[in-house]
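Student: Next come the chains, spelled out residue by residue.
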Amino acid sequence: MSDTTLRSATISVLVENESGVLARVIGLFSGRGYNIDNLTVAPVERDGSKSRITLVTSGTAMVIEQIKAQLDRLIPVYKVLDLSEGPHLARELALIKVLGTGDKRAEALRLADAFRARVVDATTESFTFELTGATDKLDAFLDLMRPLGLAEVSRTGVAAIARGVNTIS
Amino acid sequence: MDGTIASPELMNSGAEAVLRALKAQGVDVIFGYPGGAVLPLYDALFQQNEIKHILVRHEQAAVHAAEGYARSTGKVGVVLVTSGPGATNAVTGLVDALMDSIPLVCLCGQVPTHLIGNDAFQEADTTGITRPATKHNYLVKKSEDLVRVMHEAFLVARTGRPGPVLVDLPKDILISPAPYREPGSAPHRSYRPRTEPDPRRIEEAVAMLKRAERPVIYAGGGVINAGPEAARLLTEFTRLTGFPITNTLMGLGAFPASDPLFVGMLGMHGTYEANLAMHGCDVMLNIGARFDDRVTGRLNAFSPGSKKIHADIDPSNMNKTVTVDVQIAGDALATLKALIAAWKKDATQPNRAALAQWWGQIDVWRAKDSLRYSQNREPGSIIKPQYAVEQLYKATRGRETFITTEVGQHQMWAAQYFKFEKPNRWMTSGGLGTMGYGLPAAMGAQVAHPDALVIDIAGEASILMNIQEMGTLAQYRLPVKIFILNNQYMGMVRQWQELLHGGRYSSSYSEALPDFVKLAESFHAVGLRAEKVEDLDRVIAEMIAVDRPVIADIWVDQKENVFPMIPSGAAHNEMLLGPEHKGASGPAVTNEGMALV
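Those protein sequence lines, which keep their order, are chains A and B. If you use our numbering, the first sequence corresponds to residues 1 to 169, in order. If you use our numbering, the second sequence corresponds to residues 170 to 766, in order.
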C-alpha cells in the first residue's frame, strides 16, 4: 500500500551484555520475517557490561522503521541507531585463502597488493590474505580471486560508526 | 534494574526470598500447579498465610486465570508452574497475554543449575521456548540476582505496554540462601518506556480534530490497560468533542455502551455504523488500538480518505500496517489528559454544522439496525443465540457482572449483544483467539471479586478445552456461571465453511458431546438446560440465583451465523448483513481473501 522500494540499513544496537540478548535480536528477525544481511556483536565497554550489535538489513522504509521500533522495545536494549540515515563508516575484515602456483599465484599477489591486502600466511601453494574495508571492496576482491584459486573465506561482518562528533550513547 | 537500596538481608532460602518479593509487590494470590522443581516454593507457601495459592488442574488454565485476575483488577497476575511440562503447558497462556498486553509474572521451576543442558528429567529450555512468548524472561543463575530479577519482572510486566514476564527458577537457587532487598525507585538501566506524550504531537492532533468534518474516535484495549481513570477521561473527551466513538473487541467498556455517542464495536463483526464511520471519516483518532487485521479489513481500502492520528504506548505499533499522519507515543491516560487540556486551550471552534451532518449520516446507518435478528417467542421455538445473550444481559443489568468468553461465534455474539458501561468487566482472548480461555479467566476474575457475578459465555466446543477447571471451581467454591451457547458445531468454523468452502463441514460438528448437566453434577456444580425459548429466562434466573458454580446448557439454533461480517479481504464498506436485511449482498470473496484467516 505504500512505498515498496527496498533500501539497505546499517543499524547499531547498544545492548546489555547478558545471556540470551543476541538470541532475542535474532529471534525478532526470524519471527517477524525481516532480513539479516550481516551481523556482528562484541562487548564494547571496559567492564564488559554492554555489547554493540551491528546489523545490516534491507526492507521497505516501513519495514526498516518497524525493525528499529521492535529492536528498541527489547528490554536489554539501550539504544538503536540507524547509521545509514547519515554519514558513517562501515568496515569488515576478511581472511582469504587462495590456492595455486605459477602465474595465477603471482597475479593473486599483485592484485592483493593493489587492494592493500596483507599476506598473513603463505606456503609454496597458498596465500592467506587479510583485507579490511567496506563490504563492496571485499566483494570486489573476492570476485577477482575466484578464477585465481579462491579456496576459503572467513569474514567478520560489518563494524560501523557514525562520522563526526556524534556517538551512540 | 539497580532499583534496590539499603544493605541486603540474608534469607534462609531462595524460596523465602521469592515469597517476600511477591509480598513486597502486593501479590495476594497465585495460580499454580506443583511439581518437583518448585517443591521448595510450595513448601514456603505452606508455611505462610498472606499469599493464597489457587491450585488449578492444568498450567494453561493457571495463566488464563491470572489473566482474568489481572484484567478484572488492573493488578499483575501471578502464575507458578513447575519445570518442563509445567512450563510448556503455560506457553499458550503466555502468548495469549502477550498478544492482549496483559501484565503477568510467571514463576517457573527449573532443574538445578548444574543439570541445565543435560536433558535432565522434566528439563526444558524454558527461556528459549518462551522468548517470543513473553515481553521478557529471565533465568536466575545466581542467588544474588534472584530478588533483583523478581522486582524487575514486576516492573517490566506492569509498565510500558504491559505483558507477561517469565522467571525461570532453578531448584538449587530456590534452596540456597539468598539476599533480600526491598524494591527501589532507581530507574532500570536500559528499559525506559515512554509514557508522557510529546506536547507538539498533541497540539497537531487537536488542530486536526478541531477542523474535522467527519471525525471518529477508535479506542482499544490500551485505554483499559491505562486504568479506569483513562476510561473516564476517554468518556470526558468524547463528550467534550461530541464525536462518534467505536471500541475494539479489547476496548469494550472503555466507553459506556449506552451513551448515544457510541456506535458499537467495529471490525469484522462490528456494527454497520461503526465500520462505515471508519470508512467515511475524514479524521480518525486511534487511542490504544493497533489497526489489527480484524479491524482494518483489506488494508488498501481501509478508511481511504482520512487523516489518522495514532496514540499508542508502543511505538512499534505505529506505521506497522497503516500509515498514520500524527504519531503520539505515550500512555493512554497521559495522552487523554493532554488531549483534553489542549482541546480546551485551542480557541478554534469545531465545525458543528459539519459534525451535525455527519451524525445525520451515521444515524441513517444506525437505522439499518445491523444487529437485528428475529426470535420466534412461540413455545417450542428454538432459541436464537443472540436472544440468549440479550436475555442474559437484561437479567444481569444493575449487578456487578464480569463477563469472559471462549473463542468463536458465541464470543462475537457476546461482544455484540452484551453492553458494557465500565472497563475491566469484559475479558476475552482477542489477539491469540484461544479457545479454552473463558472458564479459567472467569475463575481468576471470581477469585478477585468473590461477591460479583462472573459469567463465562461459552461454546460447547471451546468449553471442553479447559473443562477440567470445574474441579478448581468446586475446590475453592467459586460460583462461576458457564453459559454455553450450544449449537453442536464449532460455530465459527462452520460459518466460514458455509460461506467460503461450499458448505463442506469438515470436522466442525461437535460429535459425541457430554451431557453438560451430568458433567456439572459430577464436578459438584449445578447443571441446567434450556432446550426451547420458554426455558431460557427461567434457566438464566436460576443460574444467577444459585450461589454455586453452574453450567447452563443453552440449546441454540445450529444454523445461525454472526452478522454483520466483513469477509476476508474485503473493505469496511463491503459488509455482509444478516438474513434480516433482504437484498443486502456483500462482495464475493477473492482468492487473496481465501488465504486470510
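Treat the hints with care, as some may be off.
Unchecked claim - Under 7 Å between C-beta atoms, here's a sample of chain B residues computed to sit facing chain A:
hint: 1; residue: HIS305
hint: 2; residue: VAL325
hint: 3; residue: THR328
hint: 4; residue: ALA355
hint: 5; residue: TYR360
hint: 6; residue: ARG361
hint: 7; residue: ASN488
To be verified - Restricting the straight-line Cα-Cα distance to at most 27 Å, the calculated cross-link-like pairs of lysine-lysine (DSS-like) are:
hint: 8; chain 1: B; residue 1: LYS553; chain 2: B; residue 2: LYS701
hint: 9; chain 1: B; residue 1: LYS476; chain 2: A; residue 2: LYS68
hint: 10; chain 1: B; residue 1: LYS687; chain 2: B; residue 2: LYS701
hint: 11; chain 1: B; residue 1: LYS506; chain 2: B; residue 2: LYS244
hint: 12; chain 1: B; residue 1: LYS379; chain 2: B; residue 2: LYS553
hint: 13; chain 1: B; residue 1: LYS489; chain 2: A; residue 2: LYS79
hint: 14; chain 1: A; residue 1: LYS68; chain 2: B; residue 2: LYS489
Treat the hints as calculated values from the structure; they're not laboratory data. Nothing here was measured: the structure is a model prediction, and the numbers come from that model. Note that CB positions come from ideal geometry on N, CA and C, so glycine has one too.
Student: Would the stated hint for TYR360 (chain B) survive a check requiring a Cβ distance to chain A of less than 7 Å?
Tutor: Since chain A brings a Cβ to about 5 Å from TYR360 (chain B), closer than 7 Å, the hint holds.
Student: Min Cβ distance, ALA355 (chain B) to chain A: is it shorter than 7 Å?
Tutor: Constraint on ALA355 (chain B) not satisfied, violated at 15 Å.
Student: For LYS553 (chain B) and LYS701 (chain B), compute the direct alpha-carbon distance and say whether it is at most 27 Å.
Tutor: holds, 10 Å
Student: Given the proposed pairing of LYS68 (chain A) with LYS489 (chain B), does the C-alpha separation stay at or below 27 Å?
Tutor: At roughly 12 Å apart (the allowed maximum being 27 Å), LYS489 (chain B) and LYS68 (chain A) satisfy the hint.
Student: Regarding the pair LYS687 (chain B) and LYS701 (chain B), is the alpha-carbon distance no greater than 27 Å?
Tutor: Holds, at about 19 Å.
Student: Is the Cα-Cα distance between LYS379 (chain B) and LYS553 (chain B) 27 Å or less?
Tutor: Between LYS379 (chain B) and LYS553 (chain B) the Cα gap is close to 44 Å, so the pair fails against 27 Å, i.e. violated.
Student: A closest beta-carbon separation below 7 Å is what the hint needs, so does ARG361 (chain B) meet it against chain A?
Tutor: violated, 9 Å
Student: Below or equal to 27 Å on CA atoms is what counts here, so check LYS506 (chain B) against LYS244 (chain B).
Tutor: holds, 22 Å
Student: Please verify that hint: ASN488 (chain B), Cβ, nearest Cβ of chain A, below 7 Å or not.
Tutor: Hint holds; ASN488 (chain B) Cβ to chain A Cβ min 6 Å, cut 7 Å.
Student: Quickly compare the C-alpha distance for LYS476 (chain B) and LYS68 (chain A) to 27 Å and report which way the hint goes.
Tutor: holds, 24 Å
Student: Please check whether HIS305 (chain B) passes as an interface residue: C-beta within 7 Å of a C-beta belonging to chain A.
Tutor: OK, holds: HIS305 (chain B) within 7 Å of chain A, min 4 Å.
Student: Does the CB of THR328 (chain B) sit less than 7 Å away from some CB of chain A?
Tutor: violated, 11 Å
Of the numbered hints stated above, those contradicted by the structure are hints 3, 4, 6 and 12, listed in ascending order.
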